[in-house]
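**Q** One-letter residues, chain by chain:
Number of protein chains: 2
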Amino acid sequence: MYADRIRHPALQQKLMPASDAASLFRDGMTVGMSGFTRAGDAKALPLALVERACREPFSLTLLTGASLGNDSDGLMANAGLLARRMPFQADAALRHKINNGEVMFIDQHLSETAEQLRSGALHPVDIAVIEAVAITEDGGIVPTMAVGNSASFVQQAKQIIVELNLSAPLALEGLHDIYVPQPRPGRAPIPLVEPGQRIGTTAIPVDPARIAAIVVTASPDSPSNVLPPDEETDAIARHVIAFLEGEVAAGRMTEKLLPLQAGIGTIANAVLHGLTQSSFRDLTMYSEVLQDSAIELLDSGQLALASASSITLSAAKHEHFLRNLERYRERIVLRPQEISNHPEIVRRLGIIGLNTALEFDIYGNVNSTHVGGTHMMNGIGGSGDFARNGELAIFVSKSVAKDGAISSVVPMVAHVDHTEHDVDVLVTEWGLADLRGLAPRERALLIIERCAHPSYRPALLAYYEEALRRGGQTPHVLEKALSWHEQYWLYGSMNYKNLSI
Amino acid sequence: MYADRIRHPALQQKLMPASDAASLFRDGMTVGMSGFTRAGDAKALPLALVERACREPFSLTLLTGASLGNDSDGLMANAGLLARRMPFQADAALRHKINNGEVMFIDQHLSETAEQLRSGALHPVDIAVIEAVAITEDGGIVPTMAVGNSASFVQQAKQIIVELNLSAPLALEGLHDIYVPQPRPGRAPIPLVEPGQRIGTTAIPVDPARIAAIVVTASPDSPSNVLPPDEETDAIARHVIAFLEGEVAAGRMTEKLLPLQAGIGTIANAVLHGLTQSSFRDLTMYSEVLQDSAIELLDSGQLALASASSITLSAAKHEHFLRNLERYRERIVLRPQEISNHPEIVRRLGIIGLNTALEFDIYGNVNSTHVGGTHMMNGIGGSGDFARNGELAIFVSKSVAKDGAISSVVPMVAHVDHTEHDVDVLVTEWGLADLRGLAPRERALLIIERCAHPSYRPALLAYYEEALRRGGQTPHVLEKALSWHEQYWLYGSMNYKNLSI
Chain A
5 MYADRIRHPA LQQKLMPASD AASLFRDGMT VGMSGFTRAG DAKALPLALV ERACREPFSL
65 TLLTGASLGN DSDGLMANAG LLARRMPFQA DAALRHKINN GEVMFIDQHL SETAEQLRSG
125 ALHPVDIAVI EAVAITEDGG IVPTMAVGNS ASFVQQAKQI IVELNLSAPL ALEGLHDIYV
185 PQPRPGRAPI PLVEPGQRIG TTAIPVDPAR IAAIVVTASP DSPSNVLPPD EETDAIARHV
245 IAFLEGEVAA GRMTEKLLPL QAGIGTIANA VLHGLTQSSF RDLTMYSEVL QDSAIELLDS
305 GQLALASASS ITLSAAKHEH FLRNLERYRE RIVLRPQEIS NHPEIVRRLG IIGLNTALEF
365 DIYGNVNSTH VGGTHMMNGI GGSGDFARNG ELAIFVSKSV AKDGAISSVV PMVAHVDHTE
425 HDVDVLVTEW GLADLRGLAP RERALLIIER CAHPSYRPAL LAYYEEALRR GGQTPHVLEK
485 ALSWHEQYWL YGSMNYKNLS I
Chain B
5 MYADRIRHPA LQQKLMPASD AASLFRDGMT VGMSGFTRAG DAKALPLALV ERACREPFSL
65 TLLTGASLGN DSDGLMANAG LLARRMPFQA DAALRHKINN GEVMFIDQHL SETAEQLRSG
125 ALHPVDIAVI EAVAITEDGG IVPTMAVGNS ASFVQQAKQI IVELNLSAPL ALEGLHDIYV
185 PQPRPGRAPI PLVEPGQRIG TTAIPVDPAR IAAIVVTASP DSPSNVLPPD EETDAIARHV
245 IAFLEGEVAA GRMTEKLLPL QAGIGTIANA VLHGLTQSSF RDLTMYSEVL QDSAIELLDS
305 GQLALASASS ITLSAAKHEH FLRNLERYRE RIVLRPQEIS NHPEIVRRLG IIGLNTALEF
365 DIYGNVNSTH VGGTHMMNGI GGSGDFARNG ELAIFVSKSV AKDGAISSVV PMVAHVDHTE
425 HDVDVLVTEW GLADLRGLAP RERALLIIER CAHPSYRPAL LAYYEEALRR GGQTPHVLEK
485 ALSWHEQYWL YGSMNYKNLS I
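One line per chain: the protein sequences are A and B, in this order. Numbering-wise (the numbering used here), the first sequence opens with residue 5 and increments by one. Numbering-wise (the numbering used here), the second sequence opens with residue 5 and increments by one.
So here's chain A without its partners, still in its complex pose (with noise of 0.2 Å):
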């Protein structure tokens, strides 16, 4: 059976019900999954364990890629399977069940995590559950969407499920390309020198033997979830624009740029979108996750070609990546997350990332996890590795959220991602400020200006001018910074006390 796809003939043995595979799991195993950005996760497996979970309950630490699709982390989380989860997610289930403190999530740089597996840092995986397009004849295992930390889990686990996906055509194999640094000490520098070139192998090496069982699927990846473009978004891509535009003018750049990076979500997607109405040519992308925006840039020209981890569209663009598949081949390399957020590469290759804060504050300070200081939203993601060792780390967010009650511009940011030594640009609808070479006091007075919306902006200089008579290099009123955030606790708006004069 699925002799196309399953190439190794002994393994035509391992087939079996997703339900039997799910009875190879012992309570307390470490287990790494596929997956990253709701593309390329295991279907089959989670609703298995979920199942059995519910006649016999037993939990695991899960490792992944990144976010998970179908609703599996939500679904793995009600039924008390997941007691630890790492390094990413975005589900709003398991979300309640993080921020009720019921499961242990540990938020990390997604290069980092197959590092740490390698180091010994975390426990070692016991199984590996990787969806597949096909394995090969000598057992190498084609991944579908994405390749996230599939081939570090693949290496170090002790027993291999593979979930073969015959939703994802054959002709996705040759897209990935396959290269895990090797241990420490002795590593040899990663040879990638271009965001195009190919320095592994089309699928991840495996010895057939380690591969315990293989279901079969046809469940698709969900669709992205982000929504479209809108005014504020539009806005802020022209600023970005014309920032970069700047930049080439001043001949720090030439009009290819240098590869971009663009965060999984809404704005980031929206300010690439824009740039299909920029005069920029052969762009170039070296990202973690490549969105609806990146397809478009590709179709239009201005995308030469694009490197990612992942590959997450919506149900329209799906069907158009697939059906123009061979298109898109010469100009696609999808790579295991370390890789694509590796600093070693983010540093040579110069990256530009664009990622999206929650908030920031008025010396540049990001929050991009915590809402309201203490309350998980998704993760840190790849924004970190990006932001410290990249050319560029441009912050973008709308100026205010929940219709104004909240400004995304604060005095002092209730939970720090990224400080004030990473961040070169933050970006609202209302302008830009530009960063680079200023000192504290020099960026409050700017960023207010720049960023912040105008109903903030008193409140925010009368806050900086209280803060300048205490003095310091980086001004605080200590009993009044987290002021915002108490105001919109108490009374659900930052524009409470504005409001009750």
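Hint data in this document are derived by calculation from the structure and do not stem from the laboratory. Careful, some of the hints might be misleading.
Since the list gives no way to pick one copy over another, a pair counts as held whenever it fits inside one copy or between any two copies.
Claimed, not checked - No more than 25 Å apart at the CA atoms, straight line, and that leaves these computed lysine to any residue pairs for SDA-like:
#1 LYS260 <-> LYS406
#2 LYS260 <-> HIS127
#3 LYS18 <-> SER318
#4 LYS484 <-> LEU465
#5 LYS402 <-> SER497
#6 LYS484 <-> HIS379
#7 LYS406 <-> SER171
#8 LYS260 <-> GLU334
#9 LYS484 <-> ARG474
#10 LYS260 <-> ARG202
Chain A is fixed; fit chain B onto it per the hints.
**A** Positioned in the frame of chain A, the structure of chain B alone reads:
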């Protein structure tokens, strides 16, 4: 004159007094000076500039490697010479001006300044002032006890002033390894794969025509001002050694460990000193600075070789080092700080980074720079280069300061330099918290129990328990999160509440 030190004959005519060289500077210029952690700084030029500024006020943007010695930073700041200063300083008078807002201080990761100059993100260097042992036959500048950013300053500056220091022995020639990464795009991998490997030249290459002046001095480097180990630093060292022994026992490292980095200052020096009492052998260092402890470990034979960007020693150790230079030549390499701290190399080698925290919070966020959250101490230095990209990020601190009035473990740090994502291990004299693979709620209990001073543990636990009732991934009581800092600000002690009961 000085034929052994000025070996390019035509350069003899560039010899001039420092006061003449000082007349080359214009108001508003950007100046790059050698000097890193009080080593290898120009001695005569800063004084000549101060003298000129007293007659004729003007100001500069000053870039260096890191901190200068000989009170140069303070003298220049007090003469009104410094409009802008980056990327690091450690001078009391300059610090005062910075915190008053009189000098704009840009606090940078030490690996990034050269990159930002190369990309044009910072204003180009007009004049480079480089302390040298000698100028070679073809014009190459041989640095003294530090390389810092000198190679990049020389590459970019329109004019170069060399300060020949006759007190620096000619035998220092050959110690340095000058390699500067290529521009982007098209940069090749940095070929360094072993801590002691030489990949460049022993002098900074330069077209002799660009050397505008040669000034001669014989003033020595300022001795290091680290304090001797004490009971608490001994205890911190014991905890770190026990932890590293545990890593070896668990099979995560061999007895050679991985290359060590230790930040500037008393505590990191004391911890490294403690290694002389350990059973580790064949150690290597890949650090930004070598202090007395590195020389002790080389002398004891436990340290096989050491790579850094500068050597900063006490007066006695400095004399010992120079007297025995031949013995150290083959075991020490001095590199540009861009290479000593480079993300590519730090990740490839898997550095064990050991740096000092001013304070850290119950979730593992570290403040390295801002006293009370607002006032600059020295700067982040290279701690972020190593903590983000290395194998292990260890931060050390005494549990209390100011005779117990300040707890170094707080509910929330008032300034974040290193986020929970980057901090692996925290150590005080009371114990060590290994945070790897732990969620914030798990970290909190461990940090309070292992690291906090016993007199502060009940209050930290009470805070954490109150925060837990509000929930979240990282529970906080926002209106009390910074109250410990406010207490200190108002009453001179974080313990005020407890004392007043």
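**Q** Taking the numbered hints from earlier one at a time, note which ones the structure violates and give those numbers from smallest to largest.
**A** Structure breaks hints 1, 3 and 7.
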